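We have chain A already, so just place chain B on it with the hints.
Chains A and B, in that order, give the protein sequences.
The UniProt record's numbering numbers the first residue of the first sequence as 1 and each following residue consecutively.
The UniProt record's numbering numbers the first residue of the second sequence as 1 and each following residue consecutively.
To be clear, the hints were calculated from the coordinates, so they are not data collected in a lab.
Note that the structure is a prediction, hence the values are computed from the model and not measured.
Heads up, the beta-carbon is just placed ideally off N, CA and C, and yes, glycines get one too.
The reader is advised that the hints may include incorrect statements.
[Unchecked claim] Covered, in the sense of this in silico footprint (three residues per stretch, anywhere, with C-beta under 8 Å from a C-beta of chain B), are these stretches of chain A:
| # | stretch |
| --- | --- |
| 1 | 27-40 |
| 2 | 93-105 |
| 3 | 157-164 |
| 4 | 221-233 |
2 protein chains.
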Amino acid sequence: MAANEFSEPHRVVYYEADDTGHLTLAMLINLFVLVSEDQNAALGLTTEFVQSHGVGWVVTQYHLQISALPKTGDQVQLKTRATSYNKYFAYREYWLLDEAGKQLAYGEGIWVTMSYATRKIATIPAEVMAPYQSTQSVRLPRLPRPDRLTETADLPTKPYTVRYFDIDGNGHVNNAHYFDWMLDVLPADFLRDHQPADVRIRFENEVTYGEPVTSSYEQATDSLTSQHLVQRDDVVAAKATIQWQART
Amino acid sequence: MAANEFSEPHRVVYYEADDTGHLTLAMLINLFVLVSEDQNAALGLTTEFVQSHGVGWVVTQYHLQISALPKTGDQVQLKTRATSYNKYFAYREYWLLDEAGKQLAYGEGIWVTMSYATRKIATIPAEVMAPYQSTQSVRLPRLPRPDRLTETADLPTKPYTVRYFDIDGNGHVNNAHYFDWMLDVLPADFLRDHQPADVRIRFENEVTYGEPVTSSYEQATDSLTSQHLVQRDDVVAAKATIQWQART
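With the rest of the complex left out, here is chain A (with noise of 0.2 Å):
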């Protein structure tokens, strides 16, 4: 395995998947982000060394391509890969295998490196960088980002009020549970009988705390494409679209 690599395994439990049994999205995000601390850890880029330097770790961009979703009790393969960076950004990549090696899901996301002290983002430091031995180079895959919302008037609109529990070492909402607001408000008749194929989330604005956010979404009858939108007043906090499917 390159030095940029790292897999491990891991066995979906219940309380990773949702009422149907299958892993859930924002739980996929989750194991995404567990392989990428894991590898992180087995090279000594402890979170502690990272908020050394005075910045944390903050995805902006994930395009998710989804062929099955797991299901309780199945054993599973994380992969990631550190692929390439520039002085800003940071291209990482994923992969949830079955088994016998074949692939489930597909993920892509853009990191940036968020200062403590000004909560904008900031050069990555060379130090935490470093171990990964990833490609440096200008440009960057450029990941598909949402689609424009036709109108964003009279959508369907759920109000959240961000919990203690939303909250990660960074001070803010955790990036998975975005998915919790983005898909609470689809019917639970649609979450139940489809599942995501193509995911593209656009992350803005954090959001902190004790702060109320709306989750508002558009979707066409009888399309399988839905278009989110989480805001805080009128600041988007993060967009996405997303392509679904029958369950397999």
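Coordinates of chain B only, in the frame set by chain A:
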């Protein structure tokens, strides 16, 4: 290991922990249920088998005693015992041990089988109980109940709406999610600086998808005991008393 006992190792991962890096109370319950589900699977007592008798297991009460909560990355041991039962109730014990075998937490639970037809308690089918080789006894241990609230008016309260992802295979809110509501009403600084030491919780009425609930609590100034009430309209869904200790 006796037929009614089961244990397995587990590694605490970051999405099972709060922003202090400690296992959450909801996840402690998830881990206890996990080891019992794995015992069930090992004995051929799959969810499908239990459901084929027209019932599902539902917890009515827990008593937890916690000396320390493990942190992200810690290897722990989960253990359970289906200790005893009678016609309507099953008494189960749980242990969370550290890698060296030292006890971190101990739990007791009273479970019943709920009829899917009537949504009420049903006689435990002999076929779903026999494989544990548990002790049959007329009297089971009685778990300590939550305290009575001194008053229920004007308590600090937050509203929640049951989300699709709160629902489990029994078609109601999974018991671990009550802790998300019960703890989220406490101040974040209190949650950051304290951990539960003793938890008595009683589940009185089920809550289903889309229903609005309120979570209220009562805690005297500087007291390390909090009283919790989750209600659906005026119906009590769950009550709890939690004794807290400073973080270890």
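Failing hints, ascending?
-> Hints 2 and 4 not satisfied by this model.
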